[in-house]
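Peer 1: So the protein sequences, as listed, match chains A and P.
So the number in this note's numbering is just where the residue sits in the first sequence, counting from 1, plus 5.
So in this note's numbering, spot 6 of the second sequence is number -14, and the numbers just go up one at a time.
Quick caveat, the hints were computed from the structure, so don't treat them as lab data.
Hints may be right or wrong, so weigh each one.
[What the hints assert, rightly or not] Derived lysine to any residue pairs resembling SDA-like cross-links, with alpha carbons at most 25 Å apart:
no.	chain 1	residue 1	chain 2	residue 2
1	P	Lys13	A	Pro313
2	P	Lys13	A	Gly110
3	A	Lys286	A	Tyr176
4	A	Lys130	P	Thr193
5	P	Lys13	A	Leu311
6	A	Lys130	P	Gly196
7	A	Lys314	A	Leu303
8	A	Lys314	P	Thr193
9	A	Lys11	A	Tyr176
10	A	Lys130	P	Gly240
11	A	Lys130	P	Ala155
12	A	Lys286	P	Thr193
13	A	Lys130	P	Val227
14	A	Lys130	P	Ala197
15	A	Lys286	P	Leu45
16	P	Lys13	P	Gly240
Given next are the chains, with one letter for each unit.
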Amino acid sequence: MPGDLKREAIAIAVVTGALILVLPLIIGTYTLTVLAVYGMLGLSLGLIWGFGGILCFGQAAFFGLGAYAYAISAINIGESTIPMLLAVLVPAVFAVLLGAMMFYGRLNDVYLGVITLVVTLILFKVINSTAGPQYMIGNARLGGFNGIPGFQTLNVPGKPDAYIWGDSYFYVCAVLLGFVYLLVTVLLRSSFGRIAVGIRENEVRMSLMGYDVRARKTVMFAIGAAIAGLAGGLFANWAEIVTPNLFSLSQSAEIIIWCIVGGLGTRLGPVLGAAGLAYLKFLLGQQALVDNALVTGLILVLFVLLLPKGVVPALSGLWRVSVGRRPPGRIRRRRRSRHRERLHG
Amino acid sequence: MDLYVVVLVEMLYGVASLILISAGLAIVFGMIKVINLAHGEFMMMGGYATITAVNLGVNVFVAMLLIAPVVVGLIGLVVERLVIRHLYGRLIDTMLATWGLSLFFIGLATMVFGNTTTGISTPIPGFAIGDYQVNGYNFFIIVVSALLLVAMLAVLKGTRAGLVARGTMQRPDMAAALGYSPDRVYMATFFCGSALSGLAGAILAPLVGLVPTSGGAYIAKAFITVIAGGPSLVAGLFASAGFFGAVNQIFTFAISPVIGEVALLVAAVVLLRILPQGVTGTFFKGRL
C-alpha cells in the first residue's frame, strides 16, 4: 500500500502543479482563487458525507465560523499566522462539541440534518443581530448585518507588512487545496478512513466489532469542520470582508449541491462540482435573462432524478466500461459487495 | 391584568402561527414521509397569489381562503407528478430534490415579480385592551389555526377519504389489494399539503412584506416543529407548536424578539437531543 500511496501523492502533486500553471491562462486568478476555496469547502463536505455518511446541512456554519475567527483575531492581533490557525481550530472545536452532542445521543439521518440546519440558523440570527458598538470582541466590532471589513489580510508569517495578494494568493490557495486533497487521501487510506467507510456502510456491525462508532464519527465531523474552517479563513482573505451571509441556508444548500453534482464517495467529485458550479454561477451572474437560483435549483433536481451518483462516478464508470481494462479481481469483489448489500440492506 | 391578557393573546398567536406554518409540511411528512423543503416557497407563492388576486380586485378573504390554496395546490400537483413521484421512500433524496425546487421557485418568483417587496394591508383593524393596542388580525389567525386542527382531525378520523389515506399510509400493499391506488392517494395527499402551505402563506401575507426569498424564514421553523412533533400528525403538531410557540413568546417578552427566535431554535436542539423520536414518539403514542 505505501508504494501505491506514494504514486498517488506524486500524481496529485503533478496534476495540481499543472493546473496551477495552465488555468491562469484561461481564467483570471482572482476568480480562480475563490474556485479553489470553494473546492476545498466542497471537499470538506464530500469527506464527511461521502465517506463518513454524515449528512450535514450546516457545513456553512463551519465555513462562516472559520471566516469570522480569522477576521476577529486578525483585527486584534494584526498579523495573519495565528488567525489562520484559529480559523481551523475554532470550527474544529465547535464541531467536536456539536458532534459529541449529536453522535453520543445516537441521532441519525433527518435529525442530524435538522440539528445542523438549526445550529447554522442560530449562528446566522445571532451574528445578524450584533449591529451596534456594544458587540465587540477585543477591538473587533461584530457589525451585525454589515459584517466586518478592513482586517489584516494574509501576510508572510512574521512579517505583517509583506502581504500575499493577487497572483501569489492564488498560488497559496491552490497549493493548500492540493495539500488538503493529499491529506484526505492519506486519511482515507489509513485504518481510520477505512473504518469510517465501514461505519457508513453498516454502523451496527462496526460497533459490534468493537469500534467506538460515536467517537469516530465525532472525529470525522471535526476534521470536515477544520477543512471547512480553513476554506472560510481563505475566503475571508479573498473577499476582505465577512458577513452573516456566510452562515446562510443558501450557502449550505450550495455545498450540498456541489457534492451531489460532483459525485459522493469520491474525493475529486466535490472539488470539481464546487469549482464547476461556482464558475457557472459566475458566468450566469454576467447576464440578466435567467435568474441564478433558478438554474442552480434545476440542476439539483435534475441530478437527484437522473444522475444521483454524480458526474465523476458516472464518467469513471463509463471510462471503465468503454476503454479501461477490467482487472480480474474487480468483478468478484463487486459481486461480493452486492451480496453484502442484500444481507444488510 | 391587561398586560397578562395581551401576553396570553400573543402566546396563543405564536402557537397558532406555528401550527399554520407547519400544517402543510406535517401532512406531507406525516402521511407520505416526504420532507418538502420547498414548503417555504409554496407559502411564498401562496402570498403572491393572494396579492396578485387582490390587486386584480378580488375580495381579500376570497383570495386568501380560496384562490391561494387552489393555485398552490395545483402547483404542488405538477411538482408531485414531475419530481416527487419518482422519489417515494428515499427520504434524503426527496429532501435534496425539494431543496432544489425551492431554489428554482425563488428564481422563478424573482424573474416574474422582481426582487422587490410587495404587500397588502391587514383587512381587520386593531383594537385596545386597557392601555394596550392589539392587532385584530392575530385573532383571525388563532381562529383559522384552531379550525384547521379540528378540520384535519375530522377529515382523517371521520371521512372515508381520511380512512383510505390512513390505511394507505400504514400498508400501501393492502390498500392496493383492496382497490385503492396508493399512487392516487399520495397524489391527493400532496395536493392537500401544498394547498395548506398556500393557505398559510396567504394568511400570513398581510403581516409581512413579501419578497421571493420570504420562504426561507418559514421553512426552518416548520421543519423543526414537524420533526419535533413526531409520528402523530395532529397531536404532534399541537404539542410541538405549543411548546415552541410558548418558548418563543416568553423569551420575546422577557428579553427581545431575536433572543425569542434563538431560544426557539435552542429549545428544538435540546428537545431533539432528549426525545429523538419527537414528542409523540414518546408520549401520546398511537394517537392521530
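Peer 1: So which of the earlier hints does this model not fit?
Peer 2: 8, 11, 15, 16
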